[in-house]
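First to last, the sequence lines map onto chains A and B. Using our numbering, read the first sequence as starting at 1 and increasing by one per residue. Using our numbering, read the second sequence as starting at 1001 and increasing by one per residue.
Worth flagging that the hints you see were computed from the coordinates, not collected in a lab. The model shown is predicted, which means the values in this text are computed figures rather than measured ones. Heads up, a few of these hints could be off.
Unchecked claim - Non-contacting residues of chain B with respect to chain A, defined by C-beta distances greater than 12 Å in every case (computed):
#1 1022
#2 1051
#3 1152
#4 1155
#5 1242
#6 1251
#7 1278
#8 1282
As the list claims (entries may be wrong) - Listed next, with one range per pair, are the computed distances between beta-carbon atoms:
#9 26/A - 1096/B: 50 to 58 Å
#10 1137/B - 274/A: 41 to 49 Å
#11 1096/B - 208/A: 44 to 52 Å
The C-beta atom is built at its ideal place from N, Cα and C for all residues, glycine as well.
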Amino acid sequence: MTEPARTDTGTIYDIGYQHYDGARLGRPYAIWSLFVHGLGTVFAIGRGLRAGLIPLVLGAAAILPAAFQALATAYTDGMVELFTYSNYFINVSIVFAFFCASRAPELMSADQRTHTLVLYFARALHRGDYVLAKVLALVTGVLFLTVTPLLILFAGHVFSTTDLWAAFLDEAHALAPILGSSLVMALMMGTVSAAIASLTPRRSLAAAAVLGYFMISRVLAEILTDSINATWVSWMDLVDPFIALGGFADWIFGTGQALSQYLGPDVPGWRFGMACLLYTLAGVSLLVARYAKVAT
Amino acid sequence: MGGRVQLLSADQLTMRYPGGVLALDDLTLELEPGLVGLVGANGAGKSTFIKVLLGLLRPTSGRATVLGLDPSADPIEVRQRIGYLPEHDCLPTDISAADFITHMARMSGLPRSSARERAAEMLRHVGLYEARYRTMDGYSTGMKQRVKLAQALVHDPRLLLLDEPTNGLDPGGRDQMLELIRRTGSQFGISVLVSSHLLGEIERVCDHLIAIDGGRLVRSARIGVFTEQTAALAVQVDYGTDRLRAWLARAGLDAEDDGKGGLLVPLLDESNAYDLVRDGVTELELPLIRLQRTRRQLQDLFRASADRAPLVPSGTAARGPS
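Using the sequences and the accompanying hints, generate a full structural model.
Set out below in structure tokens:
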């Protein structure tokens, strides 16, 4: 216990101020630190049990179907196949939407609500650095939830036979598309939901906006494709980012046209890829525009 | 400038917000290292000036330098050397002060272990060592202001920009915060620019004062010059206040209404003012009920400067726009 300073200010403990002569690691380190801090926010690490419950439950909901499918594949020798590599994200899309709706506001809105943003911008950090670190944190968090179930499905295929090495080689062709589709899903959902959440400092409103966007785009896509009868209408379903992703996954996993919900003789796969890219770019542009203007 | 170190400067600095509001109007000044007070009424342009110095706002025209660097051109270089305490609330609530200050230290490039160490040191310095592991939602306004000071100091800046650091504090907390600022500035070799709308607090901690109003420089001077300028004589007579005022005006003294039925006579030339009041009261045969040395409000000083020729005698450090 230090002696209180003998000044008329009372409770201030005076052991003096020390200058800092140590290392200053600069901007890249600051961005990395903010990224790591953001990852902690995504999974609510160190925020207590209650705060950690939502990412835990949603993370489990995103991964468990894959675990059940892997078990089913192993036990039924591949007879029961509800979830495949390419339809997985579509089937559990609601979980990903909820995950982004709950995590993006924590990352993007909270700093605006508490006005902490100005403390970041008053440090040796560009506005773009802040956005980059935050969005990468969300993308990495989503990537963890997208790549894990697909790898579990992969393991289910490998472990359903006794000759593991042969099964691995047999299935290895799926690894690149697994990484590709997970990454595209994470980039698209991460940037789009971060952009939407960054528009408001209110967390609940941001969460509703992110979730609302994914829900409404789905309904809108259905209405458009059902009600309009024209040759160009097949482009309308791309209004739903999940359909863009579903088509993209079918395309890169090489799902046959007979099995695919999206691909057809007149529906090339690349357009789904283009749509995913456009969604990601739109998210990035919105973020750049928002943080160039956001009041400090 | 010569061989002297320059802390910061503004050269015809003008800042017009997109809405058309003119926050800084041709502001020109130069400051040397030390404890500098920045006073002005609310809306005078204090916060805008600080944000321009930080490179958070780009001036419409003119140029500012901080520690010899241009914040518009080299914002990162400038901000590495500056600690900033914003006027408004800016702390997250769901994290402990220790974690938050550590995080902010890392944002300034301090390695993890150094950041942790510095955070603990700074929280001790501002008197929050015991409470540092509590989440900040339970902190009082005074504690929050101290956390804000700690985060501004944690990377050992050469200049602190403190925007209304005593805002919302009770008199006790105000005293402690001012003492903390005074010690930080005078004992540790960190220059401080502290803004306030209360002259009384500024003059207790600062050795130089700049006053701005309507985005223009009103005065830049050593603190002593300023206190002289606000010294006044409160005069109260039972009746005939207006007659006394007119008499004093004829004698060359611009007495002002103090708002309480009395007069405030500026004490520019002390002995003369006392004598003139005495002579006036005697000659007009008024019943004098109060004659007291007092201080004029800062606002009075601004009004006086805006309406008439500057009160400051030539030869002071004032370099206000003419």
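Quiz item: Of the hints stated earlier, which fail here?
Solution: Hint check: 2, 3, 4, 9, 11 fail, others pass.
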